[in-house]
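Keeping their order, the protein sequence lines are chains A, B, C and D.
Under full-length UniProt numbering, the first residue of the first sequence carries the number 1, and numbering increases by one thereafter.
Under full-length UniProt numbering, the first residue of the second sequence carries the number 1, and numbering increases by one thereafter.
Under full-length UniProt numbering, the first residue of the third sequence carries the number 1, and numbering increases by one thereafter.
Under full-length UniProt numbering, the first residue of the fourth sequence carries the number 1, and numbering increases by one thereafter.
Quick caveat, the hints were computed from the structure, so don't treat them as lab data.
Treat the numbers as computed from the prediction; the structure is a model and nothing was measured.
Glycine is no exception: its CB is placed at the ideal position from the N, C-alpha and C atoms.
Incorrect hints may appear among the rest.
[What the hints assert, rightly or not] What follows is a set of in silico ranges between Cβ atoms, one per label pair, in the way DEER data are often shown:
1. GLU312/C - ALA266/A: 34 to 44 angstroms
2. ASP10/C - SER409/A: 32 to 42 angstroms
3. ASP389/D - GLU415/B: 56 to 66 angstroms
4. GLU284/D - GLU24/A: 25 to 35 angstroms
[Claimed, not checked] Take a look, some chain B residues computed to stay more than 10 angstroms from chain D by CB distance:
5. ARG16
6. VAL107
7. ASP108
8. GLU117
9. LEU145
10. ASP237
11. VAL238
12. MET253
13. ASP257
14. GLU379
15. HIS385
16. GLU397
17. GLU416
4 protein chains.
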Amino acid sequence: MTEPITERVDDPEAKRESGRRKMEWARQHMPICESLRTEFEADQPFADEVVGMAMHVEAKTAILAELLAVGGAEVAITGCNPLSTHDDVSVALDAVEGVTSYAEREVDDEAYYAAMEAVIEHEPTITVDDGMDLVAAIHEDYPELIDSIVGGCEETTTGVHRLRAMDDDGELAYPMFAVNDTPMKRLFDNVHGTGESSLASIAMTTNLSWAGKTVVVAGYGHCGKGVAKKASGQNADVVVTEVEPRRALEAHMEGYDVLPMEEAAAEGDVFITTTGNRDVIVSEHFEAMDDGVLLANAGHFDVEIDLDALSELAVDEYEARDGVQAYEMADGRRLNVLAEGRLVNLATPVALGHPVEVMDQSFGVQAVCVRELVESGEEYEAGVHDVPDRLDREVAEIKLDAEGVAFDSLTETQEEYMGSWQHGT
Amino acid sequence: MTEPITERVDDPEAKRESGRRKMEWARQHMPICESLRTEFEADQPFADEVVGMAMHVEAKTAILAELLAVGGAEVAITGCNPLSTHDDVSVALDAVEGVTSYAEREVDDEAYYAAMEAVIEHEPTITVDDGMDLVAAIHEDYPELIDSIVGGCEETTTGVHRLRAMDDDGELAYPMFAVNDTPMKRLFDNVHGTGESSLASIAMTTNLSWAGKTVVVAGYGHCGKGVAKKASGQNADVVVTEVEPRRALEAHMEGYDVLPMEEAAAEGDVFITTTGNRDVIVSEHFEAMDDGVLLANAGHFDVEIDLDALSELAVDEYEARDGVQAYEMADGRRLNVLAEGRLVNLATPVALGHPVEVMDQSFGVQAVCVRELVESGEEYEAGVHDVPDRLDREVAEIKLDAEGVAFDSLTETQEEYMGSWQHGT
Amino acid sequence: MTEPITERVDDPEAKRESGRRKMEWARQHMPICESLRTEFEADQPFADEVVGMAMHVEAKTAILAELLAVGGAEVAITGCNPLSTHDDVSVALDAVEGVTSYAEREVDDEAYYAAMEAVIEHEPTITVDDGMDLVAAIHEDYPELIDSIVGGCEETTTGVHRLRAMDDDGELAYPMFAVNDTPMKRLFDNVHGTGESSLASIAMTTNLSWAGKTVVVAGYGHCGKGVAKKASGQNADVVVTEVEPRRALEAHMEGYDVLPMEEAAAEGDVFITTTGNRDVIVSEHFEAMDDGVLLANAGHFDVEIDLDALSELAVDEYEARDGVQAYEMADGRRLNVLAEGRLVNLATPVALGHPVEVMDQSFGVQAVCVRELVESGEEYEAGVHDVPDRLDREVAEIKLDAEGVAFDSLTETQEEYMGSWQHGT
Amino acid sequence: MTEPITERVDDPEAKRESGRRKMEWARQHMPICESLRTEFEADQPFADEVVGMAMHVEAKTAILAELLAVGGAEVAITGCNPLSTHDDVSVALDAVEGVTSYAEREVDDEAYYAAMEAVIEHEPTITVDDGMDLVAAIHEDYPELIDSIVGGCEETTTGVHRLRAMDDDGELAYPMFAVNDTPMKRLFDNVHGTGESSLASIAMTTNLSWAGKTVVVAGYGHCGKGVAKKASGQNADVVVTEVEPRRALEAHMEGYDVLPMEEAAAEGDVFITTTGNRDVIVSEHFEAMDDGVLLANAGHFDVEIDLDALSELAVDEYEARDGVQAYEMADGRRLNVLAEGRLVNLATPVALGHPVEVMDQSFGVQAVCVRELVESGEEYEAGVHDVPDRLDREVAEIKLDAEGVAFDSLTETQEEYMGSWQHGT
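Chain A on its own, in the form it takes in the complex (with noise of 0.2 angstroms):
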């Protein structure tokens, strides 16, 4: 039986401190967030209910899980990824009232598992997931729980995709909000987030510039979008990889170049990957990249990079900087692989995850769905459902309210006009 990270970890005060720390800092920049917390300590809309959470565990994370638990809720937590989780975050949640945190940095996959199961033991009313495993997990070890959920919300694109392989399959057996697929998630988290944050993870562990590098983005949707965007405007010579073809004329016409991965692998200096899918990069790939290059993996899970054909190619392995190990040629050239493959924003040392406030702005819409579940959860059938445009709506006037930005609204002219069809030239 797993214990609450607090049980398990060394000096748990100076992490609690340290933790405490961080999370006061976002919190400080997540403005959606703290607008919502006034309305649910107000409010109480989670009482009674008991929400389980698989999450990256760093202190953007934290403010999420404090809120629901502000609202009311029992929260109980752990990572969604082994590298992710910062100890130290994971101890002062844990001390926060209502919530109770099982997530810790570099365990084995047993007790990755051991902890998702300590979770789920909560016997959870809502779930809220990054990648879909505590979804997963439930519906392969504990159907005896799906009677009582309410519901839950996923918030990755990848969670998203397969969380809809599931429903196709009639396997999903409770109502899923892809919180991933409203505008205000992929537009500013996956674009602005992914991209800002990857490339600040890569420029800061490696001491690597961006101006004059060809940087070769593999996926062309929001994810890859942002990483081309924010990489040209560092003066990086960006290409593009894509499988659709209508993503590859959007890349096209951008004034990105566009190449098979094959030709592509000759021209990168940096190779960041956001597909979502498996082996992107493979043996042929690395046979013709030049000595140095960087890969870098800003997918979801680390199988973009097919690292164990890059073993095989490889005379010689070395961590030549911290998060960055090199794989040596037998003709002198050296790929160095940043992250072991893993999302590069997340799981390099120095990364952080996504920027504060693009978290905010996720997370909000991720606090508001569950307040949707507990209000109007009997309403929506067992599957993946969009978030209702209202919702996301709010958030987005949450934020613009906290920017201090005004907008204008329609006049009772315009919404007649807007609505109307009679009008000639």
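Fit chains B, C and D to the supplied structure of chain A, relying on the hints for placement.
Positioned in the frame of chain A, the structure of chains B, C and D alone reads:
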């Protein structure tokens, strides 16, 4: 009874030659339509069909009309805006086998509608619209034709908006493809086409520059995004006005200032409306503006800038320059309106409409939609329909092929991975 | 003996009215010249001076000529390029008190030089040049005038380059201000002016778009940087060719591809030369180009693209469009040359030259340089002189003031700190 | 008497290994220095020379020190900023044959100057400075050494500024190369190096994002331009403050807001100083700032933000986060200062200094300047000298060659054309 343009103009011979040269230039840069022409010439998909068109009659549209005729259709065409017709192209088009053109520049309202009636009297089986005037006229005045109409296509945001309103009212009596809403149309035509051509038209009408100018973009839909992005790319300082909070936030996160028009009015050097709505710039805004500002519209109708109100405020009005009307206020300020508030990329003296290549994409979608209606029209119910994804994708592939851009395809393992959900971390 | 333009053209009345309207528009957007006009009108600094000018005679230059005349000078002006004169402006200028204009569009070489001689026969005491033709003609054919010439100003990179060569040869007999080399001129006129106006002129001459195009920019000096930056800002993929390694590296670090022209020729969709040198694009390059490419020049002279060689390669030549000459190769490829290889922002049918505001800055510097020559000309030796920093700074301050832009000034402590060196870490 | 770092630190073995790994990584990405190493190893240009260095002692600088030693010099080095030394690199460098390193992190003032004296006691014949502390110390305290000093190099804007002031006072007693002023240094190091590394350091110290933030950049010199450009490339809204009107105008024409700091203070979310001056942000500005703002300095000295004044205004001060000191105002506003107002790209806990590649360029220029001093030092008089153009150009060519970037060269006809001036229009 309206006659074809050729019967009505002076020196049709010279106009035809001039129009043909324009069409030849367009054809050189429309590889998608050229690729489809090869297919249609062989297959004759439109034999026995009559296509009625109401579009901006200039060289690029002429290539679409010609393409449909080459594929076997009888084509009757008129303009969708009295200022956007190029008479020479209209004459050249009228000479194409299978095409009759009624479009003429600067006709009065009566002649404009008479030309539309002339098109309708061809008894079209398919309609192709840019602003839904043809659909509206048929529904209002020629309901007896509806039974024999297979369906139609609508090109613009505004037209689709009005069609959806009509559909919601249960008034739309045949299937219409919302060509405007395809990724191919919205992303390329609206963003790149409207953006680039509006700015180039303003620059070449005024001889003014963008660097250091404050450009107020009203509306942050696809057109507004394009105008903002391209203006920023010319070193303008962009201000966005919006009524939808997610769009307002998106503009803010892009780095633009977001302001209510009331405040923006006092800051702007150039104002460009892209909302598709009316009364976007009105008296209170005119009163706040600086001397010498430019006012231009890139939305479909000329109702976004309230020119009647401006006229009332003005103590003098005069043509400051071809395509620029100056309104002088009592306090000496001069507000310069381009193209009478009509589409600035179509209606100034030097304007050429959307760039050839983006219209090639847009018209490629139109052409395959017409083909779809002929092949499977009966499968579509009356109402607005999204363009089937496979058609849009087909056009993207033709374009990439023509540009020599290669892209990747999914391996079997990848296809399978994308469809699965049982994978762990 | 050449007569003023007014004596030579049809319907001078109408031309004068049209030219005046153009000048009025320019004046509205030239706040620096307007500010100086107030000063010059009061001070009459140019009384007793004769200013000879050889410049592109269009509305903006007319404001400079008028400004000098308002300040008391007798002004005689002709064109510096047979294709860039606007006859209506020339006539309107000729009607300004104190100004005689000889400039006429599309005159032959003989008439062009006769007009220049007519200017020289006014016995200028100050010369204002755009390409140093006036300086050269005086030195070669009217050496007797040199003694009474106080000095002159040269506007262009190319002109200054040639003046420096002349100076190095000990042949330059009076002081010349290298207006081109001031920060105000190089950074704004070259970068923003040439960049924006060249691209807008190409777009509006061809109706083609920039998004996704490969644009080859030959030369990465100030003009080349402007063209590259603005093309990139319209989503073109920019390739730079250079002969100087630091500039080549600068372009590379900006994120552009840098290639020898031999390779760039095969990749480009549009080629824009900005080198100030000759034979930048020659036979071997034409042979490597794709069908449908555009060739344009933004450098001073029409020698950058070797049109003779292109003519020899071509099996057919025809006007594909106003301002576009198509050269058809034996293999069917069509290479489209804009404006006969002359300045593309001046010499296409729709071209308007540099934007008004940037010329305002450039001409503001010209005007204060002429004032400087009158006030202190005897202090300058024969040869090329940089514009004194204080004059350039004066113009910047006038401009900022006109734009309503405030900036900081150094405190005494800061002044002292900047001048000291005894401070520790 | 100060001993080398190795004698002073704990566990030098482990530090040496860690330092070597860092140097190896840097070397992999410093192709210019690697190319020069081959040359110097063969030629031994520095035999019999003693090079005294005071620079930021981290991996990249270590490569320069090593390169000079490989070329035959005796090298003695210390830090130029108590917070920028990496002890492990200092130890690894101390182990390089021919190098003695005295640099140690976080020493007090006394130890800092003692280390500088230790370097001077090696009796350098050449000095390499980053902030001119070594030059100043020698002139003030060791004038007897000056006769045997061939010359020196200075890396920074600020150092060169102070050297010029010293030179103007007639106090500079040996020749100094103003490495900072070369195109290679200013354009790449300042623009790309300072820009990218400052932003990445701020992002990774705070976990905040740039999108939608208002970033106030104080100073629009090369560093300020880099910071502004890169911030804009991350979708920040940039505000520039300046004291020089041409620079202010340049920023305005780039599309940025230009404001006096007094107004900017109320608008900014992040403030980055790059002026090289003192008291850029002072009490009146702190009082106008919003809660939660970030304050960072990217100029050489820590005097740009007046921290004494801030301390006086604050009712509380605490470490909000590693590298972030919060100053709490009486009204509850928290102003967050990064890295104690020292160089933010060097002095935060995660900071790594300039990117490797830009330092490679900068140090390549340093290395060839030292070679120039040895070869032709006697030809240079005492005073500040620009780096000879041929040296700067040599380094650019080495770099382009290493990057595989080819460029054109002038033909004989072109050379001749550029030198001639007799050509007509």
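Determine whether the non-interface label on VAL238/B survives the test: each CB of chain D must be over 10 angstroms from its CB. Violated, since 8 angstroms does not exceed 10 angstroms.
Quick check for students: does the CB of GLU416/B sit more than 10 angstroms from each CB in chain D? holds, 36 angstroms
At the C-beta level, are ASP10/C and SER409/A separated by a distance inside 32 to 42 angstroms? violated, 57 angstroms
Taking the closest pair, is the beta carbon of GLU397/B still more than 10 angstroms from chain D? holds, 32 angstroms
Measuring Cβ to Cβ, find out whether GLU117/B lies farther than 10 angstroms from everything in chain D. Holds, since 49 angstroms exceeds 10 angstroms.
Is the hinted range of 56 to 66 angstroms satisfied by the C-beta distance from ASP389/D to GLU415/B? holds, 58 angstroms
With d taken as the least Cβ-Cβ distance between GLU379/B and chain D, does d exceed 10 angstroms? holds, 44 angstroms
ASP108/B clear of chain D by more than 10 angstroms, beta carbon to beta carbon? holds, 43 angstroms
Just double-check LEU145/B for me: nearest Cβ-Cβ distance to chain D has to come out over 10 angstroms. holds, 51 angstroms
Far enough from chain D: is every CB of that chain over 10 angstroms from the CB of MET253/B? At roughly 4 angstroms from the nearest Cβ of chain D, MET253/B sits no farther out than 10 angstroms, so the non-interface label is violated.
Since ARG16/B was said not to touch the interface, does its Cβ keep a gap of more than 10 angstroms from each Cβ of chain D? holds, 38 angstroms
Verify that the Cβ of HIS385/B lies farther than 10 angstroms from every Cβ atom of chain D, and report whether the claim holds or is violated. Fine: 36 angstroms to the nearest Cβ keeps HIS385/B off the interface.
Hint compliance for this structure: hints 2, 10, 11, 12, 13 are not met, and every other hint is.
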